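Visitor: This is what each chain is made of:
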Amino acid sequence: MTINAITDVEFGEELPAFEPDTSLPNVKQFAVAAGWDGPRFTDHEYARKEGLPGALVPGIMSQGFLSAMIHHWAPTAEVRSIDTIFRAPCVVDQPYFINGVVTDIDEDSGTVEIDLTVTNDAKETRVFGTARVIIPS
Amino acid sequence: MTDPTKPIDVEGLRAQFLNVVFDDYVMELEAEKLAAYAKSCGETAAKFIDPADSDFQAPPTIGSSLQPRTRYPEGFPKFKGLGMDAGKAVSPLKPMRAGEPITIRTHLHDIYTKSGRSGRMVFFVNRMEFLDTAGEILGSADTSVVIREKPQE
Chain A
1 MTINAITDVE FGEELPAFEP DTSLPNVKQF AVAAGWDGPR FTDHEYARKE GLPGALVPGI
61 MSQGFLSAMI HHWAPTAEVR SIDTIFRAPC VVDQPYFING VVTDIDEDSG TVEIDLTVTN
121 DAKETRVFGT ARVIIPS
Chain B
1001 MTDPTKPIDV EGLRAQFLNV VFDDYVMELE AEKLAAYAKS CGETAAKFID PADSDFQAPP
1061 TIGSSLQPRT RYPEGFPKFK GLGMDAGKAV SPLKPMRAGE PITIRTHLHD IYTKSGRSGR
1121 MVFFVNRMEF LDTAGEILGS ADTSVVIREK PQE
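Taken in sequence, the protein lines are chains A and B. Mapping of the first sequence onto this note's numbering: position 97 corresponds to residue 97, and the numbering continues sequentially without gaps. For this note's numbering, count along the second sequence from 1 and bump the result up by 1000.
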């Protein structure tokens, strides 16, 4: 269900699952656009030589995935904050899933709080996040 | 380099460095890069991915990608070992738009500790604030770095 007004939001509601594009070409596009195009984000071989499991999805890109997921769910939402903790790296070309659940609603201010996670195929949480968004009434 | 056998003087660092702006510069965002940034994250709204849209603006998390020119204030001590990225928080207040001058102003916002069985961890939080030409704050982005102290024997 697409959210158009804060009265549509339910406490405990799960946001529609979102599987981000973590393919190497897409991460490269992001890294160049963000000015974070170091080889640890764009080159598997280089990253492995550094002892990493492969090229990494930049943490700030994970933040961008969280924002996109919120907008897919509530196109009129204005993100007021996203706070993220990078618990473990996300590796390029591996599948991840963005999950979100509504944890607080303040209809007077139009504010909704959402707990967010990025998990891998093994259901391990790689990134934790909390978002505060404004949704019009 | 500080003496790694002594605890970090958190109160001393707070008194000397907190809330003092140590970096300040002006930059402009580029429309095509903003659109590419937003598309690669999965945004689909025209206001984020189409530079021709009348409300075209940076995606809300853009602040996290911006960086100060220097990481810490002048005179800030160096600690043994690498600091680890402990997280990022971004708080957009107003849209940031391509081609508009944006001032990026950075200060050390907080220094705090957490203690556990493996010893004490010291967190350093840098805050960048983004301002328009009228001096209005468009948003902020925090970067936290943590240093783990060795347990005292």
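Just so you know, the hints here were simulated from the structure itself, not pulled from any lab data. It is possible that part of the hints are untrue.
[What the hints assert, rightly or not] Okay, the calculated bits of chain A under chain B, using three or more residues with CB under 8 Å as the criterion:
(1) 29-42
(2) 84-93
(3) 101-115
It should be emphasised that the depicted structure is a prediction, and the values quoted were computed from it without experimental measurement. The C-beta atom is built at its ideal place from N, Cα and C for all residues, glycine as well.
Visitor: Taking 8 Å as the C-beta cutoff, is the stated coverage of the region 101-115 of chain A by chain B satisfied by three or more residues?
Guide: violated (count 0)
Visitor: Is the listed coverage of the region 84-93 of chain A by chain B valid when you require three or more residues with a beta carbon under 8 Å from a beta carbon of that chain?
Guide: holds (count 3)
Visitor: Holds or violated: the region 29-42 of chain A covered by chain B, criterion of 3 or more residues with Cβ-Cβ distance under 8 Å?
Guide: Satisfied; 7 residues make the cut.
Checked against the numbered hints above, the structure breaks only hint 3 and satisfies the rest.
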